[in-house]
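**Student:** Each chain is listed here by its residues.
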Amino acid sequence: MQGGSEERLELRGGPEIIRQAREWATAQARRAGLSGEAIAEIALAVSEACTNIVRHAYAERPEARIILTVADDGRWLTLRLRDFGRKFDPAAYRPPNLDALHEGGYGLFLIQQVMDEVHYITDHDQGTELILRKRK
Amino acid sequence: MKIEAQKVDNVTVVVVEGEIDTLTVPQLHETFDRLVAAGEQNYVIDLAGVPFMDSSGLAALVKLFKRIRIGHGDVRLCRVRPEIRKILELTRLDRVFEIYEDRTLAVASYREQG
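Top line first, the protein sequences correspond to chains A and B. For the first sequence, position 35 (counting from the first letter as 1) is numbered 1102 according to my numbering, and the numbering increases by one without interruption. For the second sequence, position 52 (counting from the first letter as 1) is numbered 210 according to my numbering, and the numbering increases by one without interruption.
Among the hints, a few may not be true.
Reference listing, derived: stretches of chain B covered by chain A, where coverage requires no fewer than 3 residues with Cβ under 8 Å from a Cβ of chain A [unchecked claim]: (1) 178 to 184; (2) 208 to 221; (3) 249 to 258.
Hint data in this document are derived by calculation from the structure and do not stem from the laboratory. Computed from a prediction, not measured in an experiment: that's the story for all the values here. Every residue gets a Cβ at the ideal spot worked out from N, C-alpha and C, and that includes glycine.
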């Protein structure tokens, strides 16, 4: 995949889809020629993002629905994760205090640490779209 | 995911194999719950066989650590792969958990402290 191509995957289910999303994103990142370290970072970011979608956006529903797309324009790998569940409010997010011990709340923090750009689109009729970008 | 726990001296070595995420982490919680209930205080978690761990794994380690510290026990890690070491560093949990390159050294570290 190179120079302006796009791939798409739709997943429905419970926590088992997190690994499927991660493996797909890993394969896409590998095809795009990213380094081993960058591939691992993308796997982590996608895992954390899908976990948040399954646990929070679809907290009251038996099945999550996530559409993942990846685009490679030669300079950037752009992943989009679109869900149709409860909307996420980025303004309400508070990063964890790293001087304290937490049993949760590191997910979005890690996404922001390992990806070069992180954006949320929250004005769809339903759900949220998360955009993750990595420089090649 | 496969988890095995073995006692070496006064240290419980927990060897984990497989990816740790939201789907698989309940097994880790169950293992830790069982060991804590049995009174085990000193842990070495061997992560050589863990090619992926996300924040659900961090949460399980932190939960165990908090429970054990009450009784003056400790949780130490060994054979952590670079990708996982990175998330420990990003979250500053590498300042909480002692990390060893080698399982024998990790177990021995408890002996040295007496």
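**Student:** To test your reading of the hints: which numbers does this structure violate?
**Tutor:** Hints that this structure does not satisfy do not exist here, as all of them hold.
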